[in-house]
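Student: For the protein sequence lines, the chains are A and B, in the order given.
Note that the first sequence covers residues 1 to 293 in the UniProt record's numbering.
Note that the second sequence covers residues 1 to 92 in the UniProt record's numbering.
Hints may contain errors.
As the list claims (entries may be wrong) - Straight-line alpha carbon distances no greater than 20 Å define the calculated EDC-like cross-link-like pairs of lysine to aspartate or glutamate that follow: (1) Lys82/B x Glu120/A; (2) Lys70/A x Glu49/A; (3) Lys88/B x Glu74/A; (4) Lys16/A x Glu74/A; (5) Lys100/A x Asp75/A; (6) Lys100/A x Asp148/A; (7) Lys82/B x Asp59/A; (8) Lys72/B x Glu74/A; (9) Lys91/B x Asp59/A; (10) Lys225/A x Glu120/A; (11) Lys91/B x Glu120/A; (12) Lys72/B x Asp15/A; (13) Lys39/A x Glu80/B; (14) Lys152/A x Glu80/B; (15) Lys86/B x Glu66/A; (16) Lys116/A x Glu68/B; (17) Lys85/A x Glu120/A; (18) Lys82/B x Asp47/A; (19) Lys116/A x Glu127/A; (20) Lys39/A x Asp15/A; (21) Lys126/A x Asp15/A; (22) Lys16/A x Asp47/A; (23) Lys70/A x Asp84/B; (24) Lys91/B x Glu74/A; (25) Lys116/A x Asp47/A; (26) Lys152/A x Glu68/B; (27) Lys88/B x Glu66/A.
Just so you know, these hints were derived from the structure itself, not from any lab.
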Amino acid sequence: MASRRSDTKRRGDGDKYSVLLPTYNERENLPLIVWLLVKYFGESGYDYEIIVIDDGSPDGTLQVAEQLQKIYGEDKIVLRPRAQKLGLGTAYIHGIKHAKGNFIIIMDADLSHHPKFIPEFIKKQKEGGYDLVSGTRYKGDGGVYGWDLRRKLIRYLREDVYFPLLFSLCGLSSLWNSVNDTLLHIISDSLTLPFSHSRGANFITQVLLRPGASDLTGSFRLYKKEVLERLVEKCVSKGYVFQMEMIVRARQLGYTIGEVPISFVDRVYGESKLGGNEIVSFLKGLLTLFATT
Amino acid sequence: MTKLLQWLLGVSILGVAWGIVTFDILDLRLPHVYKEVAWPMPVYLLVVFGCYSLATVGYRVATFNDCEEAAKELQAQIQEAKDDLKRKGLKM
Ligand SMILES: Nc1nc2c(ncn2[C@@H]2O[C@H](COP(=O)(O)OP(=O)(O)OP(=O)(O)O)[C@@H](O)[C@H]2O)c(=O)[nH]1
Ligand SMILES: [Mg+2]
Numbered sequence: 001m002a003s004r005r006s007d008t009k010r011r012g013d014g015d016k017y018s019v020l021l022p023t024y025n026e027r028e029n030l031p032l033i034v035w036l037l038v039k040y041f042g043e044s045g046y047d048y049e050i051i052v053i054d055d056g057s058p059d060g061t062l063q064v065a066e067q068l069q070k071i072y073g074e075d076k077i078v079l080r081p082r083a084q085k086l087g088l089g090t091a092y093i094h095g096i097k098h099a100k101g102n103f104i105i106i107m108d109a110d111l112s113h114h115p116k117f118i119p120e121f122i123k124k125q126k127e128g129g130y131d132l133v134s135g136t137r138y139k140g141d142g143g144v145y146g147w148d149l150r151r152k153l154i155r156y157l158r159e160d161v162y163f164p165l166l167f168s169l170c171g172l173s174s175l176w177n178s179v180n181d182t183l184l185h186i187i188s189d190s191l192t193l194p195f196s197h198s199r200g201a202n203f204i205t206q207v208l209l210r211p212g213a214s215d216l217t218g219s220f221r222l223y224k225k226e227v228l229e230r231l232v233e234k235c236v237s238k239g240y241v242f243q244m245e246m247i248v249r250a251r252q253l254g255y256t257i258g259e260v261p262i263s264f265v266d267r268v269y270g271e272s273k274l275g276g277n278e279i280v281s282f283l284k285g286l287l288t289l290f291a292t293t
Numbered sequence: 001m002t003k004l005l006q007w008l009l010g011v012s013i014l015g016v017a018w019g020i021v022t023f024d025i026l027d028l029r030l031p032h033v034y035k036e037v038a039w040p041m042p043v044y045l046l047v048v049f050g051c052y053s054l055a056t057v058g059y060r061v062a063t064f065n066d067c068e069e070a071a072k073e074l075q076a077q078i079q080e081a082k083d084d085l086k087r088k089g090l091k092m
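Please model the complete structure; the sequences and the hints are all you need to start from.
Tutor: Dropping the structure here:
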């Protein structure tokens, strides 16, 4: 305990990190992710709070969260529940409103995002003064675990085919301005980093939009609070596309982005919201866009 | 013009061009080889496109990094967490 306290002192630079945990039916995962967060924040000595935004989960996630609050204290575990399932995007907005930190960390509560990377995010942010730091599964030691072939395929279609098409069709046209710049980048990238962008990375989007980040749909990120507020205000899309729009807009607004390789271990407990009808909705979305844009 | 119309237009222009050469609709008296090459062209293109797509998707899916270590570490930590939380009085 004593060493922890001196650690806190050592890190007493006034920065506070608010972790936003949106949950929907994460009864089994929530205690584990909170335990891990407490462990790694405790070890690294940064000041933090965990904000749980539960959307009226029928499995009793909120009751578990209340128990955790008793165990770890109200200053560490903050509960900001909502009565019904209103979606991830608005969950973040709701959470930010109550965040006391000057930095916000967004992550999934399903254990696919491991808290051990947070100290690395923070270090990276401090090193480069970045406006946001994004975890990437596509660089360095990054990767995934637990995806069977079918899921890899669905993910691939979603992130490498569907999203890029969506974005290029919808035409974030202002991003087209820097075409020359883009070509230069592509050439130098392909000379120096032949594989970093091809490993499941969102190739078309990378080429068209140059968002400056290799993992567009991953949602494990650290933001300066005011940057996140500004981005959330600007973003129009919902669901999975939201994460991607955030990073594309971040680049558009001239924010600096740092990257940290992360391993992504697929959820062990609970329901995945990624079902077989993903392909159907992918095709539907594509056709709708074709017909309307 | 929607993307759908653009595509339809593009496809029909190509289709017409293909029809003209293959069935010699305009009576252009093109050399016979043109026809030989032209008529199976849609099939060739389809096959090439299919192969390309399969190869790209296959390659990227196959080269996704698998993090066995991370999964093992997590499993161990989950156990540790459960024990510790039980001790602290959490009822799951
Ligand atoms: N508050 C709130 N949280 C949500 C909602 N939908 C999903 N979540 C949470 O958001 C995080 C990410 O959702 P996931 O279902 O894991 O989505 P994913 O990671 O894209 O897909 P899989 O992990 O493959 O299922 C999890 O912590 C969920 O509990 C929602 O409507 N409201
Ligand atoms: Mg998940």
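Student: For the pair supplied as a hint, Lys82/B and Asp59/A, is the alpha-carbon distance within the 20 Å limit?
Tutor: holds (19 Å)
Student: Need the status of pair Lys39/A, Asp15/A: alpha-carbon distance at most 20 Å?
Tutor: Holds: Lys39/A and Asp15/A sit about 18 Å apart, inside 20 Å.
Student: Decide if the proposed pair is consistent with the structure: Lys116/A and Asp47/A, CA atoms, cutoff 20 Å inclusive.
Tutor: holds (15 Å)
Student: Please verify whether Lys39/A and Glu80/B have alpha carbons no more than 20 Å apart.
Tutor: holds (11 Å)
Student: Take a quick look at whether Lys88/B and Glu66/A sit within 20 Å of each other, Cα to Cα.
Tutor: Satisfied, since the Cα-Cα distance of roughly 14 Å is no more than 20 Å.
Student: For the pair we were handed, Lys116/A and Glu68/B, check the Cα-Cα distance against 20 Å.
Tutor: The hint holds at about 16 Å.
Student: Would the hint linking Lys152/A and Glu80/B be met if the CA-CA limit is 20 Å?
Tutor: Distance ~30 Å between Lys152/A and Glu80/B Cα, so the pair is violated.
Student: Starting from Lys116/A, check that the Cα of Glu127/A is at most 20 Å away, please.
Tutor: holds (18 Å)
Student: Next pair to validate is Lys72/B with Glu74/A; report whether the Cα-Cα distance is within 20 Å.
Tutor: Violated, at about 32 Å.
Student: Take a quick look at whether Lys100/A and Asp75/A sit within 20 Å of each other, Cα to Cα.
Tutor: holds (10 Å)
Student: Given the hint that Lys152/A pairs with Glu68/B, does the C-alpha gap stay at or below 20 Å?
Tutor: holds (16 Å)
Student: Would the hint linking Lys16/A and Asp47/A be met if the CA-CA limit is 20 Å?
Tutor: Distance of about 5 Å is within 20 Å: holds.
Comparing the model with each earlier hint shows violations of hints 1, 6, 8, 11, 12, 14, 17, 18; every other hint is respected.
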